[in-house]
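Visitor: Letter by letter, the chains look like this.
Number of protein chains: 2
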Amino acid sequence: MDETIAMLRARGIQPTQQRVAVLRHILKVMEHLSADEVLAQVRRECPMISRATVYNTLNLLVRKDLLRTQILKEGTVVFDRNVSPHHHFIDEASGRIYDIPWSALKVSGEKSLEGYEIREYQVVMRGRRRGQK
Amino acid sequence: MDETIAMLRARGIQPTQQRVAVLRHILKVMEHLSADEVLAQVRRECPMISRATVYNTLNLLVRKDLLRTQILKEGTVVFDRNVSPHHHFIDEASGRIYDIPWSALKVSGEKSLEGYEIREYQVVMRGRRRGQK
DNA sequence: GTTCGTGCAAACGGTTTGCAACAAT
DNA sequence: ATTGTTGCAAACCGTTTGCACGAAC
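Line by line, the protein sequences are chains A and B. Counting from 28, one number per residue, gives the positions in the first sequence under my numbering. Counting from 28, one number per residue, gives the positions in the second sequence under my numbering.
The hints are simulated quantities; they were obtained by calculation from the structure and are not laboratory data. Don't take every hint at face value.
[Said to hold, decoys possible] Here are the simulated distance ranges between beta carbons:
#, chain 1, residue 1, chain 2, residue 2, range
1, A, Asp-29, B, Pro-128, 33 to 41 Å
2, A, Asp-92, B, Asp-29, 18 to 26 Å
3, A, Lys-100, B, Asp-29, 35 to 43 Å
4, B, Tyr-82, A, Arg-95, 39 to 47 Å
5, B, Ile-145, A, Arg-95, 17 to 25 Å
6, A, Asp-92, B, Arg-71, 40 to 48 Å
7, B, Glu-30, A, Asp-92, 46 to 54 Å
[Stated by the list, open to error] Computed cross-link-like contacts, BS3-like style, restricted to lysine-lysine with a CA-CA straight-line distance of at most 30 Å:
#, chain 1, residue 1, chain 2, residue 2
8, B, Lys-100, A, Lys-91
9, B, Lys-55, B, Lys-100
10, B, Lys-91, A, Lys-55
11, B, Lys-100, A, Lys-133
12, B, Lys-91, B, Lys-55
We put the CB at the ideal spot given by N, CA and C, even for glycine.
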């Protein structure tokens with residue numbers, strides 16, 4: 028049985044060919060893709076998919092908590108398959124975004140902020156990846 | 028003597044009427060404005076300013092380190108008059124962005140991230156402002 | 001009289017929307 | 001038959017660009 032289809036069904040989403048292709052692709056690649064990147068890449072395997080369907084599908088998956096959007100790049104939103112709290116590092120040379128595990132960093136002091144009801148937070152780091160790839 | 032004009036001169040920028048109006052407005056308001064918001068608000072005092080000039084001016088001021096851009100909202104960049112390290116809180120109800128002083132939060136663990144050369148980082152918090160206004 | 005700055009309109013890129021054709025139930 | 005899904009094209013919105021007019025050195 029197909030895990031991607033099961034995920035969609037579990038959220039009450041009809042597993043159409045296009046939706047399965049989109050979700051399957053995102054779960055496969057490790058990158059944080061923009062909608063247009065998803066479109067281009069999914070089209071290789073599923074040529075008859077339209078821009079509108081990709082956008083519709085991605086927004087649907089976000090609404091159903093299978094994906095999250097992140098505001099990390101100028102001009103475009105990226106979709107994150109990791110829906111649990113974590114931090115981000117953005118390589119300024121390549122633009123590539125890396126997930127940093129929640130446990131790798133510790134933020135303190137946020138409880139003493141008066142008047143701010145924090146629903147969620149993350150550390151956003153920018154710089155350069157060094158060494159390996 | 029005018030402080031705004033002095034700031035521009037110090038950076039070798041010709042203090043034209045439009046540039047002074049843009050910078051003066053940004054230094055006056057406390058908000059993190061988008062370019063179009065700057066345009067709309069500056070036009071009240073300086074009606075004969077064009078969209079292109081506002082965008083040109085803002086980009087120039089960023090290039091000369093008088094402003095910083097921040098990627099915090101979907102679909103638009105905001106301009107930050109605070110060019111020193113600090114954190115941000117975004118009120119999800121109003122969209123308003125608040126500066127959080129660098130000293131209010133402490134992040135630890137970032138030195139032990141192997142392979143990541145961090146040039147800068149900040150904590151981005153989202154939630155609701157409580158109480159006063 | 002060059003250089004620099006401005007205003008306008010067109011172009012651009014990411015995203016959304018309206019709508020007609022088409023499945024699926 | 002009704003509802004949900006897709007593809008296409010047009011619309012939209014923030015931003016950039018090309019170009020001609022005008023101001024400043």
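Visitor: Give a verdict on every hint.
Guide: Do the hints match the structure? See the list:
Restraint check, Asp-29 of chain A to Pro-128 of chain B: a C-beta distance of roughly 50 Å breaks the suggested window 33 to 41 Å. Restraint check, Asp-92 of chain A to Asp-29 of chain B: a C-beta distance of roughly 53 Å breaks the suggested window 18 to 26 Å. Taking 35 to 43 Å as the suggested C-beta distance range, the pair Lys-100 of chain A and Asp-29 of chain B conforms, at roughly 37 Å. Between Tyr-82 of chain B and Arg-95 of chain A the CB atoms are about 31 Å apart, so this pair departs from the stated range of 39 to 47 Å.
Distance hint check for Ile-145 of chain B and Arg-95 of chain A: the Cβ-Cβ separation is about 23 Å, which falls inside the suggested range of 17 to 25 Å. Distance hint check: the CB atoms of Asp-92 of chain A and Arg-71 of chain B are about 43 Å apart, consistent with the given range 40 to 48 Å. Between Glu-30 of chain B and Asp-92 of chain A the C-beta distance comes to about 50 Å, which sits within the given range of 46 to 54 Å. The straight-line distance between the Cα atoms of Lys-100 of chain B and Lys-91 of chain A is roughly 22 Å, inside the 30 Å bound, and the hint therefore holds.
Of the supplied pair hints, the one linking Lys-55 of chain B and Lys-100 of chain B holds, its CA atoms being roughly 22 Å apart against a limit of 30 Å. For the proposed pair Lys-91 of chain B and Lys-55 of chain A, the alpha carbon gap of about 42 Å is over 30 Å, so the pair is violated. At most 30 Å may separate the alpha-carbon atoms for a hinted pair to count; Lys-100 of chain B and Lys-133 of chain A meet this at roughly 24 Å. Pair hint Lys-91 of chain B plus Lys-55 of chain B holds up; C-alpha atoms about 19 Å apart against a cutoff of 30 Å.
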